[in-house]
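Student: Listed below are the residues making up each chain.
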Amino acid sequence: GAVVSQHPSWVICKSGTSVKIECRSLDFQATTMFWYRQFPKQSLMLMATSNEGSKATYEQGVEKDKFLINHASLTLSTLTVTSAHPEDSSFYICSASGAGATGANVLTFGAGSRLTVL
Amino acid sequence: GENVEQHPSTLSVQEGDSAVIKCTYSDSASNYFPWYKQELGKRPQLIIDIRSNVGEKKDQRIAVTLNKTAKHFSLHITETQPEDSAVYFCAASKSRTGANNLFFGTGTRLTVIP
Chain A
-18 GAVVSQHPSW
-8 VICKSGTSVK
2 IECRSLDFQA
12 TTMFWYRQFP
22 KQSLMLMATS
32 NEGSKATYEQ
42 GVEKDKFLIN
52 HASLTLSTLT
62 VTSAHPEDSS
72 FYICSASGAG
82 ATGANVLTFG
92 AGSRLTVL
Chain B
90 GENVEQHPST
100 LSVQEGDSAV
110 IKCTYSDSAS
120 NYFPWYKQEL
130 GKRPQLIIDI
140 RSNVGEKKDQ
150 RIAVTLNKTA
160 KHFSLHITET
170 QPEDSAVYFC
180 AASKSRTGAN
190 NLFFGTGTRL
200 TVIP
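Protein chains in written order, with our numbering: chain A, -18 to 99; chain B, 90 to 203.
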C-alpha cells in the first residue's frame, strides 16, 4: 500500500518551454504533498508544501511564478516548471502524506522526474 | 527553518564491519527523524525512523539513536553487506499534523567493500 506514482520519469525540453510533472497517490488520499529538487550527488531540497485545495507554501528562495504547484484533488499534485532554462535541469521528487489503509499516517516518495533543459 | 548537517559525506567500510553516520539538527521543535537510503536515480526508501520520545530504535542490522539535548542522531549499520552500498540521508521534521515536511541532511555515500 501507499504507492505514489510520478510522471514523467524523464523529460527533455527546449529552453523557454514549460514542463508539467504529475504526482499521484494511487491507494490513499494525500492531504499533503511535497516537492523536492535534487541536483546530482546532492541532497533533496524541499521546494514547497501543498495541501489539497489551497495554495502551496514555498520555501525561501523558490520562485512561485517559475515553479507552479497545483494540488486540486486528494490524489494529484502537479509541478509546472515554466519557461525552463538549463539551470532548471534537475531531479524533481514528490512525496505524499495521508492516512493509509490502517489509518496511520504514511509518507511515500514518488520515483522522481529527471528534467533536462537544452 | 530547520538545518540538518550530516557527516561523513563518504564512508567506505569492509564487508562485515559497522558503519556509523551522524546528523545534527537545529530546530529543537523537530520531533521526527527518519533515515532514507537512495540508490542512484531512484526514490528515497525509508529504512528506519525515530520519534523524539524514544532514545534508540533497532531493526535487525540497523539502529538509530537520538540525543535530544545535544540535537543529534545517528544511524548504525552492523555486519555491512555490499547491497548496503548507497547514499543515506537523515532528515528532521516537526510532524504535529502528521504531514511530514522533511528537511534532509547532505547525504553520506556508503561503499561496502567485499
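Worth flagging that the hints you see were computed from the coordinates, not collected in a lab. Quick caveat: nothing in here was measured; it's all calculated off a predicted structure. Heads up, some of the hints might be wrong.
As the list claims (entries may be wrong) - Partial list, derived from the structure: chain A residues whose beta carbon lies under 8 Å from chain B:
id : residue
1  : F15
2  : L25
3  : L27
4  : T30
5  : S70
6  : I74
7  : G91
8  : A92
All C-beta atoms, glycine included, are put in the ideal place defined by N, C-alpha and C.
Student: For each hint given before, does the structure comply? Return the numbers of the non-compliant ones in rising order.
Tutor: Structure breaks hint 5 only.
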